[in-house]
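Novice: Please work from the sequences and hints to get the whole structure.
Residue numbers (my numbering), protein chains in the order written: chain X, 1 to 576; chain U, 1001 to 1074.
Careful: at least some of the hints might be erroneous.
[What the hints assert, rightly or not] In silico DSSO-like pairs for lysine-lysine, Cα to Cα no more than 30 Å straight-line:
{"#": "1", "chain 1": "X", "residue 1": "Lys123", "chain 2": "X", "residue 2": "Lys291"}
{"#": "2", "chain 1": "X", "residue 1": "Lys458", "chain 2": "X", "residue 2": "Lys132"}
{"#": "3", "chain 1": "X", "residue 1": "Lys458", "chain 2": "X", "residue 2": "Lys528"}
{"#": "4", "chain 1": "X", "residue 1": "Lys230", "chain 2": "U", "residue 2": "Lys1039"}
{"#": "5", "chain 1": "U", "residue 1": "Lys1068", "chain 2": "X", "residue 2": "Lys291"}
{"#": "6", "chain 1": "U", "residue 1": "Lys1068", "chain 2": "X", "residue 2": "Lys167"}
{"#": "7", "chain 1": "X", "residue 1": "Lys123", "chain 2": "X", "residue 2": "Lys530"}
{"#": "8", "chain 1": "X", "residue 1": "Lys458", "chain 2": "X", "residue 2": "Lys530"}
{"#": "9", "chain 1": "X", "residue 1": "Lys528", "chain 2": "X", "residue 2": "Lys230"}
{"#": "10", "chain 1": "X", "residue 1": "Lys47", "chain 2": "U", "residue 2": "Lys1068"}
{"#": "11", "chain 1": "X", "residue 1": "Lys397", "chain 2": "X", "residue 2": "Lys123"}
{"#": "12", "chain 1": "X", "residue 1": "Lys328", "chain 2": "U", "residue 2": "Lys1039"}
{"#": "13", "chain 1": "X", "residue 1": "Lys167", "chain 2": "X", "residue 2": "Lys397"}
[Stated by the list, open to error] If the Cβ cut is set under 10 Å, some of the chain U residues that face chain X in the computed set are:
{"#": "14", "residue": "Arg1006"}
{"#": "15", "residue": "Leu1015"}
{"#": "16", "residue": "Met1016"}
{"#": "17", "residue": "Leu1025"}
{"#": "18", "residue": "Ala1033"}
{"#": "19", "residue": "Ala1037"}
{"#": "20", "residue": "Asp1046"}
{"#": "21", "residue": "Val1052"}
[What the hints assert, rightly or not] Where chain U lies over chain X, by a calculated footprint (3+ residues, C-beta under 8 Å):
{"#": "22", "stretch": "22-31"}
{"#": "23", "stretch": "41-49"}
{"#": "24", "stretch": "209-218"}
{"#": "25", "stretch": "350-364"}
I should point out that these hints are in silico values taken from the structure, not numbers from a laboratory.
Computed from a prediction, not measured in an experiment: that's the story for all the values here.
Note that CB positions come from ideal geometry on N, CA and C, so glycine has one too.
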Amino acid sequence: MNGLATAPWLLAQQAAVEAPLISLGVLDLAIIVVYFVMVLGIGWYLKQQTTTGEDFFLAGREMTAWIAGLSFLSANLGSLELMGWAAAAYQYGILGTHWYWIGAIPAMLFLGLIMMPFYYISKTHSVPGYLKLRFGEASRGFAAISFAFMTILMSGINMYSMALVMKVVLGWDIHFSIWVSSLTVAAYVALGGLKSAIFNEVLQFVLIWAGALLVPILGLYEVGGWGGLKERIAQNLGRGDYVHLWSTLGSFQDNPMGIHWTGIVLGLGWVISFGYWTTDFLVVQRVLAAKDLRAAKAAPVIGAAFKMAVPFIVILPGLLGLALLDVKLMPEAEALKTGGHSYNEVLPLMLARYCGPGLLGLGITALIAGFMAGMAGNVSAFATVWTYDVYRAYINKDATDAHYLNHGRLCTIVGVVVSIGAAYLVMHFASIMDYVQALFSFFIAPLFGTVLLGMLWKRASPAGGFYGLLAGTLSSIGMWIWVRLDPGALAIVALSSHAQAMAENMYRALWSWIVCVVVTVAVSYATKPKPDSELVGLVYGCTELPDEGDAPWHERPAFWAAAVGVVFVILNVLFW
Amino acid sequence: MIEGGRLSIWFFVGLMLTIYGVMILGAGLYGLAHPPAVKLAWLHADLWWGAVLLAGGLIYLRAFNPYKVRRPSR
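Specialist: Next up, the structure:
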């Protein structure tokens, strides 16, 4: 998940190594320039088709399942995803794959089959918009403002991390990288809105695979396949736990991540994963742009199928780095002290190992595309939530569609400018990833409890929804402060004195979700629920789900979801 | 741009792959005479990867040629 991963990786420090890791030739630079021209050209072309608010904020709701599905996944393939998890794979081994499989696949399938019908038929423009329909204005306002805050900060972090990588890897000026990339994103999203973001995300998806696929292919060839890789890692590290997904999770001490399987299954696989994939508007917005209900249900299933393959271009290069690199990579702070290479450089190092002129430019362009996809996702989601759930709800209720369209364009520019400010702010923090993780557990985990109960339990009352969300958020913030003030509290929050930072994030999310659910249930029983007639189209049991339409079995989302589920189980067993 | 028609995203994908295919294939051909200083250079990854990108790009350009694809209904 974009930014959901913990660990002290990508954004650890703002200082960079003096000598660049890679130097690009004329051909490589030409490939990067072609990419920038292409994304700006798409934005300019799509401006002609973006004439209404529906076009700008929901891409006219005319996307096919494939386009919505690939965009859904690409918006998530941001900077932390590509560089961060490759680094984490070098640091923690194959355990990073959990963030792609159990930490994504079940939630994506659940979104497609169970939750999407409600988002789609309620015709909401946003997740906070759904909360307004289900629980009322207070829940919507709280969720909208916290989402806007989180999204802008994430966008700034994306921007800063890209600039940092460009500086470390290529020696580019950090200000140049921030301004060029952010102004490009601002231009194409402001011109074509969500449609432009989606078109570019599909383009970026293809580019990421085209640019990154060679590293695992050539790496596996060099190391002698999966068997050779395991053997080489065991030889280099003197331990075999870097290549097992589940067998080392029986206790906190037995794996490099210092985590227990309950934290992975309940904290990551249930709360954080379901919270992110089903309630973070950044990704849900892409599916809302689907042309009909079947496409909306199929899009997350298609996304899930590709998500299962992403470890091949992200985790595997990290493992190959462990097996093949002659240099030993180290934490960022240590690398800065000693002048060595950090974990974060594993993907660029592997690219430089195999890719000559041209291919190297393509690989670097793939990284830039990943950064820009994540940034555009944040900015377009921010513009929608701010326009519909803050500006239209509280500031200007009765303006024309053209006014909201112009306001959305303005919000895109403002969102980018504020993100740039956030990027500069981030430079002053030593380990911003900790704060990012905290933000996710503050806002995403309790929101999932609220949305889930809202959709599945008609007795949940408006007061229950609001106070549950508030209590979950405050409890998460409270636990975070508690551990910062008293590090010994980590053993209580994460249930073990051997727990490490990663475990704290997982268990804090789990506790805050539990608090949200308990408070929602308790307050709901003490307050008056909405009548069933007001819950039609919003809650299971009160809603007759619309028919997907006649389609043969091989075109039904449920069939493909089952197929993805089977492959998911097989993969987990294979790499047990 | 294209009179009466709307360009598909897949057309842009085809265009991008074709341009990159030509550039990387060109680098691969040059690399036959001047091999790059990378591991496994003898596999000429740029040559065959460039060819794959170019072939994929041409297939997409043909399949989503705006002069042949019917205008999608909204």
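Novice: Each of the hints needs a verdict: does it hold here or not?
Specialist: For each hint, the structure was consulted:
For the hint pairing Lys123/X with Lys291/X, the CA-to-CA distance comes to about 12 Å; that is within 30 Å, so the pair holds. Between Lys458/X and Lys132/X the alpha-carbon distance is near 15 Å, which keeps this suggested pair within the 30 Å criterion. Of the supplied pair hints, the one linking Lys458/X and Lys528/X holds, its CA atoms being roughly 11 Å apart against a limit of 30 Å. Restraint check: the Cα-Cα separation between Lys230/X and Lys1039/U comes to about 20 Å, which is no more than 30 Å; the hinted pair holds.
The suggested pairing of Lys1068/U with Lys291/X holds, with an alpha-carbon distance near 23 Å, which does not exceed 30 Å. Of the pairs offered as hints, the one joining Lys1068/U and Lys167/X is violated, with about 45 Å between alpha carbons and a cut-off of 30 Å exceeded. Taking the CA atoms of Lys123/X and Lys530/X, the gap is near 20 Å; set against the 30 Å cutoff, the hint holds. Only pairs whose Cα atoms come within 30 Å are accepted, and Lys458/X paired with Lys530/X is accepted, the gap being roughly 8 Å.
Between Lys528/X and Lys230/X the CA atoms are separated by roughly 59 Å; this puts the pair beyond 30 Å, and the hint is violated. Simply put, Lys47/X and Lys1068/U have alpha-carbon atoms about 23 Å apart, close enough for the 30 Å limit, and the pair holds. Proximity of Lys397/X to Lys123/X is assessed by CA-CA distance (about 18 Å); at most 30 Å being required, the pair is judged to hold. Taking the CA atoms of Lys328/X and Lys1039/U, the gap is about 18 Å. The hint holds against a cut of 30 Å.
Taking the CA atoms of Lys167/X and Lys397/X, the gap is about 45 Å. The hint is violated against a cut of 30 Å. A least Cβ separation of about 7 Å between Arg1006/U and chain X falls short of the 10 Å threshold, and the interface hint therefore holds. Given hint, Leu1015/U at the interface with chain X, holds; its Cβ is 7 Å from that chain's nearest Cβ, closer than 10 Å. Restraint check, Met1016/U versus chain X: the minimum CB separation of about 6 Å is within 10 Å; hint holds.
Here the hint on Leu1025/U is kept, as its CB sits about 9 Å from the closest CB of chain X, short of 10 Å. Proximity of Ala1033/U to chain X is violated relative to the hint, the smallest CB-CB distance being about 13 Å (cut-off 10 Å). This hint holds: Ala1037/U has a C-beta 8 Å from the nearest C-beta of chain X, less than the 10 Å allowed. Hint status for Asp1046/U relative to chain X: holds, with the closest Cβ pair at about 5 Å, below 10 Å.
A hinted interface residue such as Val1052/U counts as satisfied when its beta carbon comes closer than 10 Å to some beta carbon of chain X; here the least separation is about 9 Å, so the hint holds. Residue count for the stretch 22-31 of chain X with a Cβ under 8 Å from a Cβ of chain U: 3. That meets the three needed, and the coverage hint holds. Only residues whose C-beta sits within less than 8 Å of a C-beta in chain U count toward coverage, and the stretch 41-49 of chain X has 3 of them, enough to reach three; the restraint holds. Chain U is given as covering the stretch 209-218 of chain X, and this holds because 3 residues of the stretch bring a CB closer than 8 Å to a CB of that chain, at least three being needed.
With 9 residues bearing a CB less than 8 Å from a CB of chain U, the stretch 350-364 of chain X meets the requirement of three and the coverage assertion stands.
Consistency with the previously given hints fails for numbers 6, 9, 13, 18, ordered from lowest to highest.
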